[in-house]
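Visitor: Once you've looked at the hints, dock chain B against the given chain A.
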Amino acid sequence: MNISLLDVVGPIMIGPSSSHTAGAAKLAKTAMTIAGKPFNRVSFGLGGSFASTYKGHFTDYALVAGALGMSEDDERLGSSFEIAQSRGLEFDFYPTEIVSQYENTARITFYLVDGTEYFVEGASLGCGRILITNINGLACEFNASLSTIIVKQNDVKGVVSDISAILAYDNINIATMKVSRTSKGDTAYCLIECDGVIPESVINDLKQVNNVLSVVVVNIQEG
Amino acid sequence: MYKNGQELLDLCAKEHKRAWEVALDAETKLTGMTREKLWASFEMRLDVMIGSATKALEHKQATKGSLVDGVANCQYQYSQKDGSVTGNYMNYIMALAYSSSEVNASMGKICASPTAGSCGILPAVLVGMMNKEGYPREKVVEALIYASAVGAIYTRNATVAGADGGCQAECGVASSMAAAAAAYLKGADDQSCFNAAGFAMINVMGLVCDPVAGLVALPCAQRNASGAVNAMIAADMALAGQVSHIPFDEVVEAMFKVGKMLPPQLRETAKGGIATTPAGKAINKAVFG
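Protein chains in written order, with my numbering: chain A, 12 to 234; chain B, 7 to 295.
Treat the hints as calculated values from the structure; they're not laboratory data.
All figures in this text were calculated on a predicted structure; none of them were measured in a lab.
Accuracy of the hints is not assured; some may be wrong.
[Claimed, not checked] For the chain A half of the interface with chain B, some residues (derived, Cβ under 7 Å), not all of them:
#1 Val-19
#2 Ile-25
#3 Gly-26
#4 Pro-27
#5 Phe-69
#6 Ile-161
We put the beta carbon where it would ideally sit given N, CA and C, even for glycine.
Excised from the complex, chain A in its bound form:
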């Protein structure tokens, strides 16, 4: 059986829809983790079925809750608008076209306190599962069902081997690893899915590697 029983009976979530509520919260929370910096405004571009049916399924509340760092099973999800207001977070929604094979898509733009913008695109796949498809211009594909490390690095020899050596040394098992780059000799990206949770010390070690420009980690707890 290649289907996890925990996915059949699960997720534990706030209703009413695993795709339109739970998936939306998870998408926004993952996006906010990837953005990784303080922001005071977030804008949600909604595509496909998200755009047409979001109100009936509280997709809007779920997205704001996720941007505030709440999980899909957080019972404060229904109060996310008030919580955002009390924290001084502005938010808005607009319909948009996102080129995607998926039905429920969103482009989440964070307006960072430092004055810059950062966006993440993704889709809700149903049953609370998501797919991140673009990180601030970098096309990628990962589910955030396993802990994921996204490393931005200079496209030079040896960086990938240094990264995997650190993970091996810290006893972290790599499940999948993808390397891509914008153009030869320019910036490259390493997307690594791992078993277990990535400790802070490992993130710091990765940041110390020569030619590594930035490290983003989305940690996922099992179960």
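Guide: Showing chain B alone in chain A's frame:
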């Protein structure tokens, strides 16, 4: 490793284990999690189910569109009176199912099983039977694992999405999962548990998904109540020894094919069924303008 119901039953016979044990062994291999950790994950799910199935029994929840506010309390109060058609127990089971649906529609915490729209059926059967028969918690967790093993077969070999297969794929599968769990709790052997799962699906095959105003409320809540009762009667059919002429795996395949034959209007688009009745359209207008 198994891919369908028959292969799971064959493994049970070969390893002298119950289906939930074989499924749990497979889950440890698939996820890399220990048996203890998995067990804890199922216990956590059971706790959420107990919460959702009981939360709205006495306290009306406020839902979008107010279509199902208080449905659980209505049935719960009735279940405590004498003189109903199906008796106190069946009405109590319905009330439990209504409760999870009402909690789901009001942004409360639920456990999708297999989906959020059908989240009332399995909890109603597990919690209802646990409270009536006094089964130890461990036995109920086993039944929950049993149900999820049945659900995984539908997920793998058919679908559990209303948009793909209609309501039979959501409430139908939930009912089928719950039927196996009910039969297991009552001491049925593995073949009988799968017969129960098959009977439950056959009883509702072809059920369409036609949410009024596109909300997960109406008829979802009613279909959770009827799906829970359907699971109980399917379990009793199997326990009575009714012959299952169509093997479980062939029922799963038939459901999948029926889902493919359903027009898109009857697959979660709110473009057919009771969603497009004059009353259904009026509700849509009242909720969204």
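Visitor: Does Ile-161 (chain A) pass the interface check with chain B, least Cβ-Cβ distance below 7 Å?
Guide: Result: violated, 23 Å to nearest chain B Cβ.
Visitor: Per the CB criterion, is Pro-27 (chain A) less than 7 Å away from chain B?
Guide: At about 4 Å, which falls below the 7 Å cut-off, the nearest Cβ of chain B leaves the hint on Pro-27 (chain A) intact, so it holds.
Visitor: Minimum Cβ distance from Gly-26 (chain A) to chain B below 7 Å?
Guide: Since chain B brings a Cβ to about 3 Å from Gly-26 (chain A), closer than 7 Å, the hint holds.
Visitor: Taking 7 Å as the limit, does the beta-carbon of Phe-69 (chain A) come near enough to a beta-carbon in chain B?
Guide: Cβ of Phe-69 (chain A) sits 6 Å from chain B, so the hint holds.
Visitor: If you take the shortest Cβ to Cβ gap from Val-19 (chain A) to chain B, is it below 7 Å?
Guide: For Val-19 (chain A), the interface hint holds, since the closest Cβ of chain B sits about 4 Å away, which is under 7 Å.
Visitor: For the restraint on Ile-25 (chain A), tell me whether the closest CB of chain B is nearer than 7 Å.
Guide: Constraint on Ile-25 (chain A) satisfied, holds at 5 Å.
Going down the numbered hints, you'll see the structure goes against just number 6.
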